[in-house]
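Participant: For the protein sequence lines, the chains are A and B, in the order given.
Heads up, the first sequence is in the UniProt record's numbering, so the first residue is 1 and it goes up one at a time.
Heads up, the second sequence is in the UniProt record's numbering, so the first residue is 1 and it goes up one at a time.
Rather than coming from a laboratory, the hints here were simulated on the basis of the structure.
Keep in mind that a hint or two might mislead.
Here are the computed distance ranges between Cβ atoms for each label pair [what the hints assert, rightly or not]: (1) G206/B <-> R244/A: 50 to 56 Å; (2) R18/B <-> G68/A: 45 to 51 Å; (3) P211/B <-> M320/A: 24 to 30 Å; (4) E118/B <-> Q313/A: 54 to 60 Å; (5) R18/B <-> D209/A: 19 to 25 Å; (6) D283/A <-> D293/B: 33 to 39 Å; (7) R93/B <-> V245/A: 53 to 59 Å; (8) D405/B <-> A182/A: 48 to 54 Å; (9) R93/B <-> G207/A: 35 to 41 Å; (10) W360/B <-> D167/A: 56 to 62 Å; (11) E89/B <-> G68/A: 33 to 39 Å.
Keep in mind the model is a prediction, meaning the values are calculated, not measured.
Using N, Cα and C, we set each Cβ at its ideal position, and we do this for glycine too.
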Amino acid sequence: MAVLTEEQTMLRDMAREWADNEAPVGAFRKMRDAAPAAFYDADAWRAQAEMGWAGILVPEAQGGAGMGYLSLGLVLEQLGRNLVATPLAATAAATSALILGGSEAQRAEWLPRIAAGDVVAALAVDEGPRFAPERIETRVEDGRLSGTKYFVAEGDSARLFVVAAADGLYLVSGDEGVTRSARKLVDARSHAEVRFEGARAEKLEGGRDLVTQVTDRAAAALSAEMLGMAEAAFAQTNDYLKTRVQFGQVLSSFQALQHRMAKMLTELELTRSVVEGALEAIDSGRANVSQEVSLAKATANETLHLVSREMVQLHGGIGMTDEHDAGFYLKRARVLEAMWGNAAWHRDRFARLNGY
Amino acid sequence: MATAPEIDAPADPLGAFRSEVRDWLAAHFPPSLKGKDNAMSAVEGPHENSPEEDAWQAAMGEKGWGVPTWPSDYGGGGLSRAEARVLQEEMARIGAWNPIGGMGVMMFGPTLLEYGSEEQKSEHIPAIAKGTVRWCQGYSEPGAGSDLASLQCFAEDKGDHYLVNGQKTWTSGGQWADKCFMLVRTDRTKKHEGITFLLCDMDTPGVEVKPIRLISGSSPFCETFFTNVQVPKANRVGAEGQGWTIGKRLLQHERSSLSGGGSAAGRLFAQGTPLAPLAKTFVGEDEQGRIADPELRGRIARHEMDLRAFLATLRRASQEVASNQGPSATTSIMKNVGARLIQERSELLIEIRGLAGLGWEGEGFEADALKDARAWLFGKAVSIYGGSSEIQNNVIAKRILGMLDHQ
């Protein structure tokens with residue numbers, strides 16, 4: 001655990017308590033079964049907004065808490081543990097674009113509403129099924145944006161889109177010229193294809209660098225959510241091994257299984273260090289943010305992949321059933337792994353940034 | 001990666017202490033010794049010290065700063081953790097290194113401070129703090145490696161002394177040691193409770209040492225034979241039968257130091273041959289200036305990222321030990337990661353150079369390549385000594401995860 005301020009410690013404990021009491025995995029299951037049009041848990045989102053989490057990144061002047069990315073990460077980690085289905089991560093990613101590249105007027109218009117939880121915002125970058133921020137064909141002419149974005153998280157309900165065009169990021173806030181088509185992925189969350197045809201768009205300052213800065217922040221936030229998921233999946237597996245009896249012994253007495261658990265715990269320790277490292281790098285404005293984010297996302301991807309796969313395997317047959325939660329972690333894990341760069345993408349960038 | 005990620009400089013509440021350290025180092029550290037270190041002193045024989053090295057060791061020994069957090073009553077520095085960190089930072093800043101090292105510092109000293117009698121502490125700790133006495137470890141036996149508690153070397157109670165008979169193996173630096181801390185059996189009817197912790201002078205009649213030659217060609221370990229060796233009762237640490245408890249505590253200190261302790265592994269990686277430039281030299285570059293072999297490039301990136309995560313975790317751990325209860329079971333995690341990374345890096349160094357990386361001796365090889373090849377072979381030991389990776393996994397499973405004993 002990073003060295004936290006008193007404020008951050010309180011925030012983390014509160015988030016953990018809330019997630020455990022008010023939003024256990026059972027709440028996610030309920031949301032999935034009910035399949036609301038927004039594909040998120042509206043009650044949970046409202047509660048989060050009331051607790052101020054929608055405004056964690058928003059400066060105090062605009063009605064937020066102005067706490068930064070480590071604080072956001074601490075909350076997302078707790079939500080990840082229980083697979084809490086709210087648009088917090090997506091909205092935060094879009095919020096970071098406004099904070100970094102928004103004009104006074106744009107910030108004044110949007111940030112207070114985001115902080116209040118009245119606006120779900122989404123970051124729309126990719127134009128294919130793989131993260132490729134260098135391949136953007138979306139164009140803007142005379143303030144009208146056209147292009148198609150694949151798999152936009154929370155695209156079903158977003159009131160505000162932050163959209164990548166060839167020359168940087170734009171805000172699209174109206175529904176004119178915007179067509180959303182739900183794309184159901186295995187994780188039962190919102191991922192819409194969003195088509196923009198001459199939608200009114202306002203430019204954010206910062207060109208292509210801003211795209212990198214914002215997708216880095218989105219990736220760092222996801223890494224924190226993934227860390228929480230991996231920890232919970234691991235803990236549940238460890239508990240299960242202590243109760244399940246086979247060959248007259250509890251599974252946790254088998255050395256082969258112990259060593260697999262030890263390996264996973266080791267990876268979790270390393271993952272926590274680099275995820276916190278990336279969030280702190282962003283907060284303190286270090287020059288090597290991209291490198292730290294690639295390190296965090298690649299590591300979180302590998303670790304969550306391992307833990308989610310082992311969770312199913314070590315639970316045996318019960319882990320294969322929909323009745324059990326293991327499948328939820330496995331499915332959500334693969335989606336988050338693919339978002340904002342898979343492990344290979346981030347390793348490649350890490351090598352490039354280091355000159356080899 | 002050529003350098004370890006930088007440690008951020010926080011606001012410095014120890015400014016006064018820092019300038020005191022700075023002044024003292026300026027007055028005592030000979031700039032000619034910059035960048036040398038004692039990292040291998042535990043496994044290499046004593047070498048002829050230059051007058052500068054002697055003076056540096058004497059100064060640090062006198063000040064107690066080779067063991068900065070040990071109590072000053074016994075010749076330690078008496079510094080707080082935070083002050084010790086300042087000392088470390090200031091030394092790193094000017095390329096100074098700690099001339100006081102070895103097993104006495106890493107393992108035996110901390111254990112004796114915890115379990116030794118007043119007389120034992122007064123006798124042994126100051127000499128360790130000054131670096132004047134070398135200690136070796138008498139733990140493993142041919143039939144007691146990972147299953148250490150099945151050791152058989154027997155100490156028979158003869159009233160005022162124990163009569164020790166048996167054999168130890170993997171005694172690191174045994175041929176150069178002055179004294180040995182050892183686990184012996186004092187009761188054959190009990191396994192763990194029959195073990196006692198003794199201190200033995202290596203020049204006691206009946207102690208015989210035979211170096212073991214390793215696959216790397218070096219002989220850092222010995223077999224040590226005990227034939228009717230008389231060890232005074234006063235040399236027993238703790239009670240008879242308490243040796244397993246004390247011995248396990250010492251192993252935690254050992255793992256803690258072998259996991260890098262934050263510095264040793266970091267230094268090794270920071271000062272070793274960097275992988276990427278070497279790969280470009282031997283494998284070539286593509287038209288975009290990347291390592292020409294994409295698969296190798298990916299593996300190098302993966303390794304460098306794991307390494308950063310390891311160093312970040314060591315840093316995090318040291319920040320978390322604010323409450324500080326000494327080494328914990330998480331040291332097992334870091335020992336395993338450190339071992340894996342050292343071995344991975346060695347394998348990559350060999351692979352990148354092709355056959356030029358597999359030179360044994362003689363002409364036609366770069367000095368670094370010969371050194372890396374020997375290090376590769378010796379490095380196979382790091383996942384075996386100090387508790388093998390499998391044993392560490394057992395520790396992690398039982399002590400951290402609360403999984404069950406499988407025996």
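Participant: Confirm or reject each hint.
Facilitator: Verification of the supplied hints:
no.	hint	in the structure
1	G206/B <-> R244/A: 50 to 56 Å	holds (54 Å)
2	R18/B <-> G68/A: 45 to 51 Å	violated (29 Å)
3	P211/B <-> M320/A: 24 to 30 Å	violated (56 Å)
4	E118/B <-> Q313/A: 54 to 60 Å	holds (55 Å)
5	R18/B <-> D209/A: 19 to 25 Å	violated (38 Å)
6	D283/A <-> D293/B: 33 to 39 Å	holds (37 Å)
7	R93/B <-> V245/A: 53 to 59 Å	holds (58 Å)
8	D405/B <-> A182/A: 48 to 54 Å	holds (52 Å)
9	R93/B <-> G207/A: 35 to 41 Å	holds (40 Å)
10	W360/B <-> D167/A: 56 to 62 Å	holds (59 Å)
11	E89/B <-> G68/A: 33 to 39 Å	violated (27 Å)
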